[in-house]
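2 protein chains.
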Amino acid sequence: MGPGPINVHPRVLRAMSVQLLGQFDPEFTGYMNEVMALYRGVFQTQNRWTFTIDGTSRAGIEAALVSTLQPGDDVVVVNAGRFGLLLAEIAERCDAKVTFVEASWGAVVDPQAVEDAVKRVKPRLVACVHGDTSTTMAQPLGEIGAICRAHGALMYVDATATLSGMDVPVDAWGADIVTAGLQKCLGGPSGSAPITISDQAAEHIFSRRHVEKGLAGTGGAAGAGRRIASNYFDLAMIMDYWSEKRLNHHTECAPMLFAARECARLVLEEGLPARFDRHAQAGAAMTAGLEAMGLSIYGDKAHKMTNVTGIWVPKGVDYDRVKARMRTDFEIEIGSAFGPLTGKIWRIGTMGVNARKHAVLQTLAAFEAVLRWEGFSAPAGAGVDAAAKVYG
Amino acid sequence: MGPGPINVHPRVLRAMSVQLLGQFDPEFTGYMNEVMALYRGVFQTQNRWTFTIDGTSRAGIEAALVSTLQPGDDVVVVNAGRFGLLLAEIAERCDAKVTFVEASWGAVVDPQAVEDAVKRVKPRLVACVHGDTSTTMAQPLGEIGAICRAHGALMYVDATATLSGMDVPVDAWGADIVTAGLQKCLGGPSGSAPITISDQAAEHIFSRRHVEKGLAGTGGAAGAGRRIASNYFDLAMIMDYWSEKRLNHHTECAPMLFAARECARLVLEEGLPARFDRHAQAGAAMTAGLEAMGLSIYGDKAHKMTNVTGIWVPKGVDYDRVKARMRTDFEIEIGSAFGPLTGKIWRIGTMGVNARKHAVLQTLAAFEAVLRWEGFSAPAGAGVDAAAKVYG
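Order-wise, the sequence lines are chains A and B. Letter by letter, the first sequence follows residues 1 to 392 of the UniProt record's numbering. Letter by letter, the second sequence follows residues 1 to 392 of the UniProt record's numbering.
No lab work stands behind these hints, which were simulated from the structure alone. Treat each hint with caution, since some may be false.
In this list, chains with the same sequence are indistinguishable; a pair is considered to hold if it fits within one copy or across any two.
[Stated by the list, open to error] Pairs of lysine-lysine residues, derived as BS3-like cross-links and limited to a Cα-Cα distance of at most 27 angstroms, are as follows: (1) K122 <-> K344; (2) K301 <-> K323; (3) K323 <-> K213; (4) K245 <-> K344; (5) K245 <-> K213; (6) K344 <-> K97; (7) K323 <-> K357; (8) K323 <-> K97; (9) K213 <-> K344; (10) K97 <-> K122; (11) K213 <-> K122; (12) K301 <-> K389; (13) K323 <-> K344; (14) K301 <-> K97; (15) K213 <-> K301; (16) K301 <-> K357; (17) K245 <-> K323.
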């Protein structure tokens with residue numbers, strides 16, 4: 001019940017134990033094409049360039065930034081938590097110039113402030129985190145796409161913690177590149193990063209295309225732009241690999257491709273609206289339960305993610321021991337916190353298979369017991385009852 | 001029966017379907033420590049810093065190079081094939097200055113030429129591929145470590161295609177960083193890259209340590225050196241993650257960790273010498289069988305890898321159709337070739353679970369039939385008989 005990685009859906013676990021195929025076997029490239037189509041559905045996009053990166057969600061972020069940003073480029077980073085800082089950190093390693101538009105941890109950034117910065121800086125890219133699990137806040141992104149288009153910037157969104165759990169309407173937002181990971185609401189393991197890229201962004205990236213010497217004569221034309229600073233994360237090469245050209249790059253990780261495929265199949269079988277509702281209901285039930293126990297919820301409730309909840313540690317309660325007892329006595333993992341919130345809030349996720357009634361109720365019952373052992377007495381049964389009431 | 005990826009060992013497939021654990025769960029970090037110990041055995045090293053990178057073998061290469069090389073650094077690349085070119089390509093993206101020491105495809109580089117270049121250039125790093133599957137050649141590396149030590153250079157080896165199939169004695173070589181992948185002789189899927197790093201190389205990398213802003217206060221001291229140009233491949237951060245500090249970085253991909261662990265357990269249960277012999281015998285049997293069929297083997301036989309064999313395409317035989325018929329009629333994949341060898345040689349692997357008698361014999365029997373259908377008549381049964389004779 002942490003903020004991810006979470007338990008993997010049994011069908012996804014099973015998919016990973018299937019024998020692999022050669023990466024250019026037509027049956028396997030057929031699965032790759034299926035994955036592209038499935039994630040168009042998950043991302044609510046028509047983008048041709050929709051596929052997965054062989055690495056964790058952080059690999060997806062780095063691929064997006066290093067393939068887009070050239071040294072000296074300006075980037076506006078919308079930041080209100082650890083993962084906003086991570087975007088800036090990666091952009092700086094691309095030798096881009098970072099301008100922050102910030103809110104304090106537990107709040108979200110005002111879109112007007114983003115517009116002001118974009119007008120002033122005229123960046124190549126505006127980079128945003130949708131749901132920052134470090135603060136449990138979901139940044140409103142509905143206006144940012146139009147701001148970017150009006151000022152000739154590309155829009156990047158890190159949707160690792162929200163994709164398939166909260167609404168991530170890529171085309172409606174007008175986002176150019178959106179990346180995620182499987183280990184949150186998608187209910188898979190980390191290690192594969194779904195990505196979608198608009199034609200506009202792809203055109204920019206292909207302008208930096210470079211074909212490996214060892215493959216000379218087999219690739220497309222080289223672009224006029226500066227070579228991308230990473231080979232592994234060179235999205236121009238990776239798109240050539242996922243295209244009909246099938247130009248050799250890395251060796252696709254078959255078990256993770258199968259996992260990504262099964263995650264997306266499960267999402268689309270359930271349906272996006274039903275899945276968003278399930279996550280919202282689980283988050284509401286968890287929140288109601290925790291409040292009924294007399295605990296305080298962290299952050300601006302108006303912008304709280306549905307799928308992760310921060311809890312202020314009550315006075316006199318041992319932070320680490322509560323976590324340890326949840327794990328050792330109940331086999332339930334809850335999350336600690338980062339940076340300024342270390343030791344101050346716990347984070348409980350309700351994601352993927354854990355966004356279900358029994359998981360919420362079991363966690364609240366266990367939490368009540370563990371807090372009681374630490375000297376914090378909640379009204380007996382109040383948490384479970386309040387959560388059950390949300391489920392009706 | 002390609003040059004990798006190959007079929008995955010059934011125990012490794014099973015390991016990947018185990019439910020995952022939180023990345024900081026003591027049981028999970030225990031498995032991480034086990035993986036470190038197991039790969040010390042596989043790499044024949046005492047190096048403390050022995051672990052895995054979450055990505056394919058190419059991710060391991062990039063992590064080694066980008067964490068070691070600073071812009072302007074000199075690197076000597078020992079090159080005689082596609083994967084030597086890849087090392088140079090990645091080094092160039094690190095803005096390092098590449099000096100090649102080269103041999104033509106199908107040959108190996110003379111260590112004396114390496115020494116001459118190292119004396120002249122005084123590089124930060126000498127980068128070598130051990131077994132380059134594009135040419136089927138194994139580069140002799142026994143003298144390179146001493147050359148590097150004598151001239152203050154670090155030695156990097158890409159052992160993707162040979163680790164656990166041919167002798168890779170890291171400490172005896174005096175290699176500073178060696179990386180691999182699971183999808184060749186280790187008998188796993190691609191997607192996890194084992195790496196080992198000497199104390200000397202680790203010290204250099206830690207001099208470039210940088211702690212993420214979002215984790216401020218929880219990490220070690222920042223180094224004086226220039227920040228590493230990648231976050232995902234920043235080995236200083238990744239070592240901090242694998243150390244007792246457990247400093248958060250990426251979210252470890254649990255199924256691939258379990259796969260890497262099971263691959264190493266299988267290797268050490270079999271024993272390295274027995275495993276090397278098994279690969280050598282399978283390669284010798286395959287070679288004998290192909291030659292008995294009247295086919296010509298590609299490259300310098302004195303330096304041929306034991307676990308992959310290149311075959312010149314006989315005149316009048318359709319390159320792609322042979323591959324397609326092997327796959328569609330016999331469900332046996334064989335490899336095509338890269339760059340100057342495209343359309344000229346096929347490559348047949350004998351790696352991992354495929355380095356076994358029945359796999360060699362089945363492949364030769366099928367190959368004889370398919371070549372006959374293409375108008376190339378080998379003496380009936382000669383390939384299978386010659387291979388069986390090698391097995392005695």
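A quick look at each hint next to the structure:
1. When the C-alpha separation of K122 and K344 is checked against a cutoff of 27 angstroms, the pair qualifies neither within a copy, at 38 angstroms, nor between copies, at 52 angstroms.
2. In this homomeric assembly, K301 and K323 come within 27 angstroms of each other (Cα to Cα) only inside a single copy, at 24 angstroms, whereas the closest approach across copies is 60 angstroms.
3. In this assembly of identical chains, K323 and K213 lie within 27 angstroms of each other by CA distance solely across copies; the values are 25 angstroms between and 52 angstroms within a copy.
4. When the C-alpha separation of K245 and K344 is checked against a cutoff of 27 angstroms, the pair qualifies only between copies, where the shortest distance is 20 angstroms, while the shortest distance within a copy is 52 angstroms.
5. In this homomeric assembly, K245 and K213 come within 27 angstroms of each other (Cα to Cα) only inside a single copy, at 17 angstroms, whereas the closest approach across copies is 41 angstroms.
6. In the homo-oligomer, the alpha carbons of K344 and K97 never lie at most 27 angstroms apart, since the shortest distance is 33 angstroms inside one protomer and 48 angstroms across protomers.
7. For the identical chains of this complex, K323 and K357 are intra-copy neighbours only, at 21 angstroms inside a copy versus 53 angstroms across copies, given an alpha-carbon limit of 27 angstroms.
8. In the homo-oligomer, the alpha carbons of K323 and K97 never lie at most 27 angstroms apart, since the shortest distance is 40 angstroms inside one protomer and 50 angstroms across protomers.
9. Only between protomers do K213 and K344 lie at most 27 angstroms apart by alpha-carbon distance; the minimum there is 18 angstroms, versus 53 angstroms within a single protomer.
10. With identical chains, the CA atoms of K97 and K122 are at most 27 angstroms apart within one copy only, with a shortest distance of 12 angstroms there and 34 angstroms across copies.
11. Within a single copy, K213 and K122 get their C-alpha atoms only as close as 36 angstroms, which misses the 27 angstroms cut-off; across copies the closest is 25 angstroms, which meets it.
12. For the identical chains of this complex, K301 and K389 are intra-copy neighbours only, at 20 angstroms inside a copy versus 75 angstroms across copies, given an alpha-carbon limit of 27 angstroms.
13. Only within a single protomer do K323 and K344 lie at most 27 angstroms apart by alpha-carbon distance; the minimum there is 13 angstroms, versus 61 angstroms between protomers.
14. When the C-alpha separation of K301 and K97 is checked against a cutoff of 27 angstroms, the pair qualifies neither within a copy, at 33 angstroms, nor between copies, at 53 angstroms.
15. Proximity of K213 to K301 under the C-alpha cut-off of 27 angstroms is restricted to the inter-copy arrangement: shortest distance 25 angstroms between copies versus 54 angstroms within a copy.
16. With identical chains, the CA atoms of K301 and K357 are at most 27 angstroms apart within one copy only, with a shortest distance of 22 angstroms there and 65 angstroms across copies.
17. Taking the shortest Cα distances, K245 and K323 sit within 27 angstroms of each other only across copies (18 angstroms), while inside one copy they are farther apart (50 angstroms).
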